[in-house]
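Kindly produce the complete structure, drawing on both the sequences and the hints.
Chains B and E, in that order, are what the protein sequence lines are.
Counting in this note's numbering, the first sequence runs from 143 upward without gaps.
Counting in this note's numbering, the second sequence runs from 125 upward without gaps.
Note that these hints are calculated values from the structure, not bench results.
Do not rely on the hints blindly, as some may be mistaken.
Below 30 Å or equal to it, Euclidean Cα-Cα: the simulated DSSO-like pairs (lysine-lysine) are [what the hints assert, rightly or not]:
1) E/LYS232 to E/LYS190
2) B/LYS399 to B/LYS498
3) B/LYS399 to B/LYS467
4) E/LYS272 to E/LYS190
5) B/LYS467 to E/LYS208
6) E/LYS242 to B/LYS467
7) E/LYS242 to E/LYS128
8) B/LYS215 to E/LYS161
9) E/LYS242 to E/LYS190
10) E/LYS232 to E/LYS208
11) E/LYS232 to E/LYS326
12) B/LYS309 to B/LYS498
13) E/LYS190 to E/LYS161
14) E/LYS190 to E/LYS128
15) B/LYS399 to B/LYS260
16) E/LYS232 to B/LYS215
17) B/LYS467 to E/LYS326
18) E/LYS272 to E/LYS326
19) E/LYS190 to B/LYS467
20) B/LYS215 to B/LYS260
21) E/LYS242 to B/LYS215
It should be emphasised that the depicted structure is a prediction, and the values quoted were computed from it without experimental measurement.
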Amino acid sequence: MSSVSSVSETTLLRGGTVVDASGSRRADVLVGTDGNIEAVGDGLSGDRVIDAGDCIVSPGFVDLHTHLREPGKEEAETIETGSRGGALGGFTALVAMPNTTPPMDSVGVVRDVIELGKTALTDIIPSAAITIGRAGAELAPMAELAELGVRIFTDDGTGVQDDLLMKRALEYSVGLAPFTGGASVALAQHCEVDSLSAGTFMHEGEWSSRLGIPGQPSEAEDLMVMRDIALSRSTGARVHFQHLSTAGAVALVRAAKAEGLPVTAEATTHHFTLTDAACASFDTVFKVHPPLRSDSDVAAVKAGLLDGTIDAIATDHAPHCAHDKEQPFDAAPPGMIGLETALALALTELELPVEKVVGLMSWQPAKIAGIDDIHGGPIEAGRPANITVFDPNEAWTIVGSSFASKSSNCPYEGHEVRGKVRHTIVAGEAVVIDQEAMR
Amino acid sequence: MSPKHLLSIDDLGRDWIEEILRLTDSFAEVSARPIPKVPALRGKNIAWLFYEDSTRTRLSFETAAKRLSADTMNFSVSSSSVNKGESLRDTCLTISAMGVDAIVVRHKSAGVPWQIAKWIDASIINAGDGWHQHPTQALLDCYTLTQKFGSLDGRHIAIVGDIKHSRVARSDIAAFTALGAEVTIVAPQTLMPPSLEGWNCKVSHDLDAVLPTVDAVYLLRMQLERQQEALVPSLREYTAGYGLTDERLEHLGANTLIMHPGPMNRGVEISQKAADDPRSAVTQQVANGVSVRMAVLFLLLGNNGSDSHPNAPRPNDQGPNEGIL
Numbered sequence: 143m144s145s146v147s148s149v150s151e152t153t154l155l156r157g158g159t160v161v162d163a164s165g166s167r168r169a170d171v172l173v174g175t176d177g178n179i180e181a182v183g184d185g186l187s188g189d190r191v192i193d194a195g196d197c198i199v200s201p202g203f204v205d206l207h208t209h210l211r212e213p214g215k216e217e218a219e220t221i222e223t224g225s226r227g228g229a230l231g232g233f234t235a236l237v238a239m240p241n242t243t244p245p246m247d248s249v250g251v252v253r254d255v256i257e258l259g260k261t262a263l264t265d266i267i268p269s270a271a272i273t274i275g276r277a278g279a280e281l282a283p284m285a286e287l288a289e290l291g292v293r294i295f296t297d298d299g300t301g302v303q304d305d306l307l308m309k310r311a312l313e314y315s316v317g318l319a320p321f322t323g324g325a326s327v328a329l330a331q332h333c334e335v336d337s338l339s340a341g342t343f344m345h346e347g348e349w350s351s352r353l354g355i356p357g358q359p360s361e362a363e364d365l366m367v368m369r370d371i372a373l374s375r376s377t378g379a380r381v382h383f384q385h386l387s388t389a390g391a392v393a394l395v396r397a398a399k400a401e402g403l404p405v406t407a408e409a410t411t412h413h414f415t416l417t418d419a420a421c422a423s424f425d426t427v428f429k430v431h432p433p434l435r436s437d438s439d440v441a442a443v444k445a446g447l448l449d450g451t452i453d454a455i456a457t458d459h460a461p462h463c464a465h466d467k468e469q470p471f472d473a474a475p476p477g478m479i480g481l482e483t484a485l486a487l488a489l490t491e492l493e494l495p496v497e498k499v500v501g502l503m504s505w506q507p508a509k510i511a512g513i514d515d516i517h518g519g520p521i522e523a524g525r526p527a528n529i530t531v532f533d534p535n536e537a538w539t540i541v542g543s544s545f546a547s548k549s550s551n552c553p554y555e556g557h558e559v560r561g562k563v564r565h566t567i568v569a570g571e572a573v574v575i576d577q578e579a580m581r
Numbered sequence: 125m126s127p128k129h130l131l132s133i134d135d136l137g138r139d140w141i142e143e144i145l146r147l148t149d150s151f152a153e154v155s156a157r158p159i160p161k162v163p164a165l166r167g168k169n170i171a172w173l174f175y176e177d178s179t180r181t182r183l184s185f186e187t188a189a190k191r192l193s194a195d196t197m198n199f200s201v202s203s204s205s206v207n208k209g210e211s212l213r214d215t216c217l218t219i220s221a222m223g224v225d226a227i228v229v230r231h232k233s234a235g236v237p238w239q240i241a242k243w244i245d246a247s248i249i250n251a252g253d254g255w256h257q258h259p260t261q262a263l264l265d266c267y268t269l270t271q272k273f274g275s276l277d278g279r280h281i282a283i284v285g286d287i288k289h290s291r292v293a294r295s296d297i298a299a300f301t302a303l304g305a306e307v308t309i310v311a312p313q314t315l316m317p318p319s320l321e322g323w324n325c326k327v328s329h330d331l332d333a334v335l336p337t338v339d340a341v342y343l344l345r346m347q348l349e350r351q352q353e354a355l356v357p358s359l360r361e362y363t364a365g366y367g368l369t370d371e372r373l374e375h376l377g378a379n380t381l382i383m384h385p386g387p388m389n390r391g392v393e394i395s396q397k398a399a400d401d402p403r404s405a406v407t408q409q410v411a412n413g414v415s416v417r418m419a420v421l422f423l424l425l426g427n428n429g430s431d432s433h434p435n436a437p438r439p440n441d442q443g444p445n446e447g448i449l
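Structure, rendered in structure tokens:
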């Protein structure tokens with residue numbers, strides 16, 4: 143599924159600071175014509191030279207949570223446009239969420255997405271639904287899908303409500319090694335208990351009470367996290383918690399990890415940068431699932447990112463057409479775009495060294511997605527050349543309409559941030575040079 | 125500058141609320157005339173955009189506009205392009221393109237008046253948005269209370285019932301307290317908002333303890349579906365705990381005002397006897413609604429900005445029969 147294209151000349155990334163899981167050092171990076179890194183060192187030369195001065199040269203970012211809307215909602219985003227935004231945001235791989243139309247719950251649809259992904263600017267890593275139609279009633283053909291390369295199963299957009307069905311799915315996932323060549327798969331859960339979240343449009347608390355908008359209590363998330371931790375304990379299966387948004391959920395995952403359970407977690411940029419107070423504008427750009435929560439939840443998510451409870455920063459990039467968002471707050475679809483702002487928000491809002499931020503965006507999510515052989519790997523000769531070059535200090539102002547995404551539902555309009563992707567190399571091809579997509 | 129929109133009581137503050145109440149006095153006098161009509165808003169065009177059923181608020185606004193000689197555009201969701209799938213924004217742009225000075229909007233979704241105010245230039249008057257705000261109801265309630273008590277400073281008002289789902293309660297609490305009253309909300313915990321942080325009121329679950337201390341008791345409509353949502357075990361149990369029953373009526377002070385925004389569920393939140401008691405201000409509230417809405421329309425549309433400061437000469441300074449009135 144790698145978008146290997148023929149590259150006729152070598153590319154030298156000159157003068158940057160290389161950051162990968164082993165640390166940071168000054169070095170030039172030579173990208174060969176075979177899609178791999180040819181050499182790392184001082185004073186290298188290449189056919190084409192790209193300036194990486196003042197920049198970090200890191201393994202490409204991996205987004206565990208991207209809605210590419212294809213098939214079914216191509217007016218909001220396509221695999222091509224989404225991947226262009228991803229590349230501009232420094233991502234070299236995007237895990238495509240399965241809530242498409244039709245949903246990615248069968249070999250046919252997943253194969254289509256893989257095919258479409260071959261011409262994308264980044265690698266497109268398909269996830270697949272846990273249940274048929276994401277309806278929570280019957281298991282999707284997980285073994286067939288695993289054989290096709292799927293390593294993350296999720297009904298994202300909704301959680302698997304039925305306790306027994308979730309237990310069965312986890313049990314079944316443990317035995318999929320024959321279909322994956324030995325690799326493990328993870329079941330990724332969108333944690334919302336329907337009976338507590340149905341008919342709610344924002345976080346339940348001070349602001350929902352004041353604004354008269356039905357609110358979703360934190361327990362809607364906490365209870366499903368609690369259940370899935372129990373199910374991971376009993377089945378031994380890997381559970382990945384998507385977009386953690388509550389202090390309670392972060393604490394539960396922290397305890398589960400301390401216990402040694404095979405659980406991982408992601409947090410979105412918006413859940414560590416925005417609160418439910420933003421909904422007071424009734425601007426539907428702030429409507430999202432799980433909802434923006436309170437100050438203390440934001441603090442807990444940040445703490446989780448700092449102490450390693452949360453393994454990855456994800457975007458939950460969810461494009462929507464302007465006319466769909468221009469509805470009353472309760473009627474508008476939830477979601478916000480995020481591929482081109484994630485790095486800057488992480489660098490600006492988290493008090494973390496740049497090496498930690500890169501880990502949260504690169505090798506840690508790559509491992510969860512089971513693609514750490516291709517993405518997130520060390521910057522060294524012989525490794526696949528999936529590389530991001532970014533200036534951690536460049537200050538810029540966010541303008542939603544300037545992004546490559548087909549949609550512009552960006553909640554950070556006018557925010558001043560720092561950190562900008564300059565170049566992105568995917569499988570040896572420079573798909574972004576000097577902040578411009580090459581195709 | 126007078127406010128452009130009336131979206132929320134919070135936008136007004138004490139000065140503007142008091143200004144509206146003063147204007148209401150003038151317009152109550154107009155309403156009492158044999159021919160209750162003045163040319164104050166002649167040539168102004170007002171559209172009604174009611175996405176949710178309403179009898180009293182809509183009729184009250186229409187009457188107010190007619191008495192001010194405004195032109196009005198009726199919009200009925202059931203017979204409009206909304207049924208053909210037209211979006212809220214396009215409907216508003218369409219109405220706006222016809223030349224409209226104000227849109228009076230009611231919608232089941234909180235925040236819709238704020239959204240419309242961003243989309244078009246006209247003055248927006250919130251006639252009720254979801255559970256959020258109903259500012260003209262609060263203003264007419266304030267007027268009704270001041271008719272009885274003069275100033276609200278130091279008065280104690282209980283608002284009883286389904287606070288959680290009530291736009292009337294949210295607006296009333298803000299308006300009553302802005303005028304100096306003390307408010308206690310009384311309801312089972314399930315009908316309280318999930319958080320009361322920042323709410324300027326006291327909270328009680330004991331109506332019998334609160335009633336002897338109040339100058340007015342404001343009963344909210346108890347919707348029948350709350351029982352299905354398990355918010356109360358039964359309406360009978362609700363009435364026993366929180367209804368203004370015949371028994372509670374007997375212990376009510378002689379000067380305590382009984383209020384209700386309507387429509388009433390007689391026998392649920394208010395007994396037949398309480399609804400028809402001489403202390404009940406329910407029909408007075410409706411009558412005041414017309415005068416208050418005349419005042420609101422006049423404040424937003426009738427003045428030309430500079431002379432409309434609260435301390436500026438008021439319309440009735442010239443005597444209601446002169447000038448614009």
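Could you check the structure against the hints above and give me the numbers of any it violates, in ascending order? 3, 8, 12, 15, 17 and 19
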